[in-house]
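Here the protein sequences come in this chain order: A and B. Residue numbering for the first sequence follows our numbering, beginning at 1 and increasing consecutively. Residue numbering for the second sequence follows our numbering, beginning at 1 and increasing consecutively.
Certain hints may be false.
[Claimed, not checked] Below, computed lysine-lysine pairings styled on DSSO-like, alpha-carbon distance capped at 30 Å:
id, chain 1, residue 1, chain 2, residue 2
1, A, K240, B, K201
2, B, K201, A, K309
3, A, K55, B, K156
4, A, K55, A, K150
5, A, K240, A, K257
6, A, K65, B, K156
7, A, K250, B, K201
8, B, K156, A, K257
[As the list claims (entries may be wrong)] Not close to chain B: a few residues of chain A, all C-beta gaps over 12 Å, as computed:
id, residue
9, I47
10, Q59
11, K61
12, G70
13, K144
14, V180
15, V209
16, R229
17, H294
18, D300
Rather than coming from a laboratory, the hints here were simulated on the basis of the structure. In this text, all values refer to a predicted model and were calculated from it rather than measured experimentally. Just so you know, even glycine gets a beta-carbon here, dropped at the ideal spot from N, CA and C.
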Amino acid sequence: MLKFGLKLAAAATVLAGVAFGSAAQATDGQKTFYLLSHGGPSDAFWIDWNAGATKACDQLKVTCKISFSGGDMAAQKEAFNSALAAKPDGIATTSAQPGLWTEEVKAAKAAGIPIVFFNTDDPATGRQAYVGADLKEAGAIWAKYLVDHKMVKQGDKVFLPVEVPGASYQQLETEGIAGVFDPLGIKYDVVDCGTDPAGIIAKMTDYMVANHPPAIIALGDSVAASVKRVFDGAGIAAGKVPVVGWGNSKETAEAVKDGFVNAAAWQYPSAQGFMPVALLDLAASGEPIGYDIHTFGLYDSSSVEPILKLYEKK
Amino acid sequence: MAVTAEDGTPSAKGRSNLMRSPQFSSFVILVILLAVFAIADSNFLSPLNISNMMAFLPELGIIALGMTLLLTAGEFDLSVGAVFGLAPVVVMLLVQNAGVDIGVALLAGLLLCIAIGAINGAIVTKIGISSFLVTLSMLLIVRGAALYITQGFPLKSWDQPGFFVTLLAGSFNIGAFRLYTSLWWFIGLSLLAVYVLRYAKLGNWISAIGSNRNAAVARGVPADAVKIWLFILTSVLAGLAGMISAFRISAASPVAGTGYELEVIAMVVVGGTALTGGRGTILGTIVGALMLRAIRNGIVLVGVPGLAYNIFVGVIILAMLILHALLQKNAARG
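Pulled out of the complex, with its shape left as it was, chain B reads as follows (with noise of 0.2 Å):
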């Protein structure tokens, strides 16, 4: 019996179905907030203001993607800050110190992530240690070795006109905005995961998955090679962004992403995507990257004080998750 992964496709039940939907209630909290922050500024739609969120936005959104899809079969990974940081300072080092061609470096780069994706789905799926400790420890180690190979030196990231830094890094102008290739793929990425979650077999594994690992397993569900995919495509998402970014600001630097991780899973639940599993959405993600995104920018533009950032964003994302929660309960009543 397929198991449908997103809510929210039209049909017969159509309209009722869509306003039911977490992402429906996350975009509708999404337009309140760009609202609400466009009043009290009117430079948050000014081009340069939404060119600098685009700038930043398709990177985290890239891992939200691979995220979405590994937290829908009921998993996390809390590496991929550390993935986002490791990957770009090994295709430097590649390049800088052992003269590697910049395309074979970023595939090296590129198979290092497979190899800590595999890791982390094997251990998970094989020896059965819970995604959060085993990805926590994949954090420190990660994070560890950046440090270590770099000796804690930023590297200057690759700047050489040309393919590489035209396809990951380049920039564009669409009338006064100006905007990055990272934004086509961000674009292209989500396509392909709405594609895989909505129409695909595997989306309906991964979903089953998540709702009940072991009927999925007695329908014939290959669990576990499904999630070391997921695992391994999430880490490469993480290392392919972090590319991205390194190329963006010409810096490779080991501590890049700290962070990123909580950031990522708050947009990707904050969108409508279920923590325990069983239920993801791609476009609730780009919603929840979205509202994240507007938030840290918005606070700074109304003015918030320097030091309370922290603060605002805090409380601003409780305050959608509970609205969140209740327009789901309301929905759900109706």
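Just chain A, with the same shape it has in the complex (with noise of 0.2 Å):
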């Protein structure tokens, strides 16, 4: 029985090989990209990600790797360190936190791998570009809409939920909030909601129910595809309460259309995706990048149009 075991597990570790061999033949001779995220792979926002970047791929006729650390920074390194280790054509990277990539970028750059930033950043580490909103601008933004429309004034709390507390967009976000709210004396209060959908619905339900929040700003893209339901089972109108923040979502682009969202932050998710992928292989090529691109804009209910219609196309 044991040698019959044996046997087997020689024979599909053979074939195994095999197979991958192949497909690894089969992809000889593209430039081969490194994609590292710290999101999760089922985030609204990182699905559309996912979509670009392999569009990109696609159509550049690069191989890419894709992988997603679901919030953890240490695997993410761990992630990084192998793909250096393969000496690839590119990297591309998020930077959920700042100094992670120190070491790293400089290793890189000695091994003459081009290194770019997308989503979150980290100028100091010496990236070559990067792609995505600048995050702290996004928290004052929102902050500045809630101020500027007359949502909150002095001394009211208002409610940020996050899905990873700690995670450098939560941080960012906040420190564009702090800078707008703080001069002014308006309170927030940054809530764990975890990535659960029926526990982040509970948790926020819970919230709302229990401090009447002024105002709400979705610090991330789950929390803010749940507003629409947590309003509901929080008896609470749509439009009674003003809700700003991340919209890189299809249930969060028909809450802005219903009246539940004020205004929300659409991040150009496959954009964000195929851009890195674009400029890396310029990189590649020996064009210099040294240019960042920002993808980000605001819309409301008279621009979310085009961006339902995005995702009725899916």
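Since each chain sits alone in its own frame, please combine them into the complex, following the hints.
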């Protein structure tokens, strides 16, 4: 029995080796890029990002190795170092924690591997280019929207739900919000809602019932996408509590159209997936890249239709 | 010789046995907790807040029922959260991509859960690998499968008004309370589980296996078959809960149920079921489910800082477990 089992395992190993070997041979000759995201593969934003990145890889005929570390920075660091060891033609990564890539970018540049950051930035590392939003500016824009539209006042405490507290995106956005709210004496409460959809709805609903916040800034796409259901559960009519935040999902776009969300931020996730690959392809072809591409826009009920049409096409 | 599966059966020793039972001390702790939160915030017992608690509670509670029976038999299943996510995703993929009728798709989803449970059970019983390791591996496989087949996309769930939406996610009002049909599912399945564990021969078998498997087998209990069926039941209940949740929130997400396995085990253990097997209580599980849901809800209402929720949940659960253990020791001595 044991001998049979060992023979079976050996045969399976050989077959797997042949299969993977063939796959590798098929992409021989193509440039290879590693794309590393700190996100989770089922987050609405990263789904679109993935689609954009994959489209770029197909169009530019390059091999892309995409990985998601689901918020685990240690895992992402390991993925980056594995990428370095594989000596690819380029690496694109998010930088969800400042200072995370200082040594790795140095090592990549020493090895002649172009490095592009996307979604979250850390210019101090010396990366060659960045594609994405300025997250601190995003937070400031949302906060200013509430202030300019007189939706919040001194003494108010604004609800800031987030999937992964402590992540760079939450920190930077909150810094931007603080820059606007602190001088005006407006308080804010960052709340950990997790990533489970039903759990997010339950946590946010509990918070709304308990605290009746005057406004919400949804710091992530999953929490933003849950706003309509949360309002239904908490018995809050559309438009009664102002909401701004991320809007990179069909649910949020629909919520904007239906009046549950006042204004949502669009990061052009598909472009954010496409452009790093394009930049890496240029760099790998010897073209200099030393510029940033900002992907950020605010939409409301008057400008939501193009985004909804985009989702309807999918 | 019959083995009593649940402590606290009213008898000549009646009140004394009841007060010594693990679920009684859990119940006392629950009442104290509810009182504390109600005093701290008047919204806690408001119809709106109770309605919100009751929306989410049955979904976890249904999974906890299966886990109680499985734990009583001395095993546990870490893949329940992943199955919770996979089942509705498979259902909706069949409906949306293959044009399968929703009823047939639901059945297919449940059959998949049966298969997962059967595989877990077979490997644990026939090959002899611990359920911790087997179901942990299954968690990774099932979660990975859900992500792969959806490419990460959450799917829009079934929302066509009709029999299945009413059956799984219908809502109704009792006065100012808005409740969901999942509550009836939870109550009905709880009654069934109480009957199995307290009155049916199967309940005796389950507890006997959990207490001393070899002795149970020597007495003619089909231990392996019972365990396999319990793994199947646990998976089916997890899948059913997932379908109910997906219909209720109109989304079938491949990451739904993340972390539920630990939450459910906590509910079961806090309720008084022994982690080592041999003693199980459905009533205790219901109390445990209420307790954990009340804790998660209550700390939000009393104004715990938004980033400190988990600290408070963990501290309260630990305090409850210590108190629970002390009350049990006291009751045993007295």
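Practice problem: Against the structure, test the hints numbered earlier, and report the numbers of the ones violated in rising order. | Solution: 1, 2, 4, 7, 9, 12, 15 and 16
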